[in-house]
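Given the sequences, and given the hints that come with them, work out the whole structure.
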Amino acid sequence: MVKVELIEKVEGEAYLHYRYKKGKIRDVRVEFLPSRGIEKILKGRVLSDALVITPRVCGICGHSHLIATSLALEKLANFTPSPKANSIRTVTLSCEIIQNHLKWFYLTILPLLNQLGFKEVSPFEAINYASKIQKVIALFGGQYPHTSYSLAGGVACDPSFLELLKAKRLTLEVKEFFNAKLLEEIKSFKEFRSSKGLLKETYLFLAKRKLLKVGKGKESFLTSSKRFKKGKGEKTRIRFIQEEKDKVLYKGEFVEVGALARNFKKGVVREVYRKFKDTLFSRIFARVFEIGVMLEKILKELETIDLSQNSYLPVNLNLSGYGESIVEAPRGCLIHKVTAKNGIITNYEIITPTQLNLSNGTASNPSILQQAILNLKDPLVAQLVFRSFDVCSVCSTH
Amino acid sequence: MEKLIWLQGVTCNGNSHSFLNLEGLENFLKKFELLYHPLLPSKLSLPQLYNTQCDILVIEGGVKKGLKRGGVEFVKLFLSLAKRAKRVVAVGSCAVYGGVFKEGDNSITGVLFDKEEKTPFFKKLSGKVVNIPGCPAHPEWIAFGIEGKDFHLDEFYRPKELFAYTVHSGCSKNEYFEWKVDSKTFGEKEGCLFYELGCQAPYTRGSCNKMLWNGVSSKTRAGIPCIGCTESSFPKRELFKTKTYMGIPANMPLGVPKRAYLTLSGVAKSFKIERLSTKLF
Chain A
1 MVKVELIEKV EGEAYLHYRY KKGKIRDVRV EFLPSRGIEK ILKGRVLSDA
51 LVITPRVCGI CGHSHLIATS LALEKLANFT PSPKANSIRT VTLSCEIIQN
101 HLKWFYLTIL PLLNQLGFKE VSPFEAINYA SKIQKVIALF GGQYPHTSYS
151 LAGGVACDPS FLELLKAKRL TLEVKEFFNA KLLEEIKSFK EFRSSKGLLK
201 ETYLFLAKRK LLKVGKGKES FLTSSKRFKK GKGEKTRIRF IQEEKDKVLY
251 KGEFVEVGAL ARNFKKGVVR EVYRKFKDTL FSRIFARVFE IGVMLEKILK
301 ELETIDLSQN SYLPVNLNLS GYGESIVEAP RGCLIHKVTA KNGIITNYEI
351 ITPTQLNLSN GTASNPSILQ QAILNLKDPL VAQLVFRSFD VCSVCSTH
Chain B
1 MEKLIWLQGV TCNGNSHSFL NLEGLENFLK KFELLYHPLL PSKLSLPQLY
51 NTQCDILVIE GGVKKGLKRG GVEFVKLFLS LAKRAKRVVA VGSCAVYGGV
101 FKEGDNSITG VLFDKEEKTP FFKKLSGKVV NIPGCPAHPE WIAFGIEGKD
151 FHLDEFYRPK ELFAYTVHSG CSKNEYFEWK VDSKTFGEKE GCLFYELGCQ
201 APYTRGSCNK MLWNGVSSKT RAGIPCIGCT ESSFPKRELF KTKTYMGIPA
251 NMPLGVPKRA YLTLSGVAKS FKIERLSTKL F
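As they're listed, the protein sequences go chains A and B.
Per the numbering used here, residue 1 is the first one in the first sequence, and the count goes up by one each step.
Per the numbering used here, residue 1 is the first one in the second sequence, and the count goes up by one each step.
Certain hints may be false.
Said to hold, decoys possible - On the chain B side, residues computed to face chain A include the following (Cβ under 10 Å): (1) 25; (2) 29; (3) 232; (4) 236.
Claimed, not checked - Computed list of lysine to any residue pairs in SDA-like fashion (alpha-carbon distance at most 20 Å, straight line): (5) B/184 - A/317; (6) B/31 - B/118; (7) B/279 - A/161; (8) B/236 - A/343; (9) A/265 - A/297; (10) B/124 - B/236; (11) B/241 - A/342.
What the hints assert, rightly or not - Reference excerpt, derived from the structure (chain B facing chain A, CB under 10 Å, subset only): (12) 14; (13) 135; (14) 215.
Hints listed in this document are in silico derivations from the structure and should not be mistaken for laboratory results.
Since the model is a prediction, treat every value here as computed from it, not as a measurement.
No residue lacks a Cβ here, since even glycine has one placed at the ideal position from N, Cα and C.
And the structure:
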């Protein structure tokens with residue numbers, strides 16, 4: 001039996017084409033809206049225009065596209081920015097990840113859990129804190145969404161200690177909310193089990209519904225620095241990421257990207273991964289836990305910024321050649337590849353995290369999502385697994 | 001209570017996310033019955049929207065024939081809602097002029113305008129449309145479009161309350177503009193971005209420096225040239241370089257005759273203001 005389901009509020013929409021057999025999902029294919037032609041729009045423009053155009057791929061992770069463009073252009077120009085510029089980029093990119101994860105949990109996961117019987121949680125307090133962390137981006141980038149403050153050569157801003165102090169104050173406020181409402185500071189899974197917060201409540205709910213271990217993936221991960229296969233890691237090489245018609249593969253294999261891929265070797269997430277493997281709960285845990293990781297990262301990075309360094313150094317972009325970059329966007333690896341002739345873009349390719357997680361494979365070689373949804377019966381649970389990958393429709397239809 | 005639907009055409013979701021940054025969002029939304037928003041919990045699903053009566057229709061994204069939303073032809077869905085609505089708020093430059101995606105598909109238009117030309121919807125809808133351009137639009141602008149009244153609209157149906165100003169008004173680099181002290185490079189507090197680095201703020205309408213972004217800053221305050229995102233010409237080409245004609249910026253500050261500009265800038269340039277020619281600290 002074939003069934004088509006419209007999934008809304010995934011930064012746009014997606015259609016899931018399910019094939020059921022004896023009441024169980026045997027296969028799923030994902031269909032998004034048609035492409036919006038960003039790569040085509042970039043052709044024929046000067047290289048620096050990409051800094052304005054690519055953020056417009058996505059309203060929630062446009063900043064990652066900006067950083068990916070900056071790095072690809074710097075690679076093309078063989079330029080290394082100052083540590084100060086790098087630190088500021090790390091701060092703003094981490095802020096983007098935090099606001100994304102907060103919105104994902106409160107606007108896409110909790111409402112669905114509510115449909116499954118979990119308590120109703122208003123999203124507005126979390127939205128307010130998501131806005132607060134965006135203020136930190138705006139302190140350096142002028143605005144969010146859609147700044148173009150990161151350039152080939154560094155960053156356009158020239159902050160003083162005033163901005164650093166304010167950024168720290170705002171970050172600490174978000175941290176306070178995070179620890180009070182979502183997840184206390186924990187050092188082990190044991191501590192998590194005796195902690196308080198929405199993530200713990202989610203855990204108990206999923207445990208009661210026997211949903212902790214649904215949505216098992218393929219134990220195949222990719223981050224911007226490492227490719228992990230059955231626990232073993234090797235250095236990530238962009239040239240091994242191949243985009244085909246409706247799928248993206250790494251050396252011919254499907255890979256999972258995102259918060260779980262980034263954190264499954266680290267700290268408490270490592271413990272969770274050992275217990276639950278790459279399942280629904282591990283993905284939810286990793287993404288919520290990562291908010292805390294990113295908050296700490298921002299606080300640390302703000303301390304290291306040396307204001308006496310250059311924010312920006314001029315880079316000649318009247319170049320011919322090829323540049324590429326891979327960035328950890330909120331939802332996983334984001335890849336940009338640019339080719340130019342005499343400073344004019346002749347080709348621009350973007351591969352987004354959702355394309356990696358939601359590829360369309362075959363019955364004998366399913367993609368990560370297809371594997372994760374296999375044999376589920378309840379469409380709501382299948383949707384929950386689908387959303388656990390933090391799907392971005394607009395990124396997929398760049 | 002007025003019913004509100006937020007519908008999307010060809011978009012990046014940027015305005016939906018910008019709107020979430022509205023201070024007091026929860027209380028603002030309490031004034032409306034939110035039938036649909038692309039991110040927020042709302043009463044209806046997309047396939048239920050066709051022919052629904054709403055009082056305020058917010059439209060984000062460009063209008064494109066053939067695009068489907070929730071299984072329904074987008075143009076048909078949009079018109080079914082727009083004709084019943086009391087007010088249509090076109091939010092973001094895509095919904096106002098066609099926007100960034102028009103660069104790749106010329107058939108995409110705004111609700112009332114296709115760049116500067118009137119669209120076929122103009123006659124039917126112009127009486128109830130208010131345009132809030134920007135890429136994205138500022139959350140306060142969006143809120144004003146939704147609940148404001150007695151708008152003073154300009155020729156592009158933008159409220160003058162927001163768009164009678166230029167982005168230049170209130171820029172913290174204004175003194176450098178006044179005394180013609182250029183920024184030669186990015187990453188510095190000092191200098192104006194208008195002369196070399198492509199800033200379009202003096203001829204772009206918007207209140208980015210009047211009501212700050214995220215409550216804290218703006219592009220130009222953070223050293224980024226204004227990219228003119230509230231205007232029909234967005235996105236122009238070579239956005240980080242000022243087009244010049246015989247060494248003079250090709251685009252004048254809004255409404256300023258070239259002769260007046262040249263006279264004034266010549267005088268300003270003839271003085272060297274020590275405080276403005278050295279690092280602030």
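Evaluation of the provided hints:
Interface hint status for residue 25 of chain B: upheld, as the beta-carbon distance to the closest one in chain A is roughly 6 Å, under 10 Å. Contact between residue 29 of chain B and chain A, as hinted, is supported at the beta carbon level, the nearest pair being about 8 Å apart and thus within 10 Å. Against a cut-off of 10 Å between C-beta atoms, the interface hint on residue 232 of chain B is violated, since the closest Cβ of chain A lies about 16 Å away. Using the Cβ-Cβ criterion of 10 Å, the hint placing residue 236 of chain B at the interface with chain A is satisfied: the shortest such distance is roughly 9 Å.
For the hint linking residue 184 of chain B to residue 317 of chain A, the alpha-carbon distance of about 16 Å falls within 20 Å, and the restraint holds. For a cut-off of 20 Å, the pair hint linking residue 31 of chain B to residue 118 of chain B is broken: about 33 Å separates their Cα positions. The suggested pairing of residue 279 of chain B with residue 161 of chain A holds, with an alpha-carbon distance near 16 Å, which does not exceed 20 Å. Distance restraint check for residue 236 of chain B and residue 343 of chain A: the Cα-Cα separation of roughly 17 Å lies within the 20 Å cut-off, and the hinted pair is therefore satisfied.
A hinted pair counts as satisfied when its Cα atoms are at most 20 Å apart, and residue 265 of chain A with residue 297 of chain A qualifies at roughly 17 Å. Between residue 124 of chain B and residue 236 of chain B the CA atoms are separated by roughly 30 Å; this puts the pair beyond 20 Å, and the hint is violated. With a C-alpha separation of about 16 Å, the suggested pairing of residue 241 of chain B with residue 342 of chain A holds against the 20 Å cut-off. With its C-beta approaching chain A no nearer than about 4 Å, residue 14 of chain B sits inside the 10 Å limit, and its interface hint holds.
For residue 135 of chain B, the shortest C-beta to C-beta distance to chain A is roughly 6 Å, which falls under 10 Å, so the interface hint holds. With a least beta-carbon distance of about 6 Å to chain A, the hint placing residue 215 of chain B at the interface is held under the 10 Å criterion.
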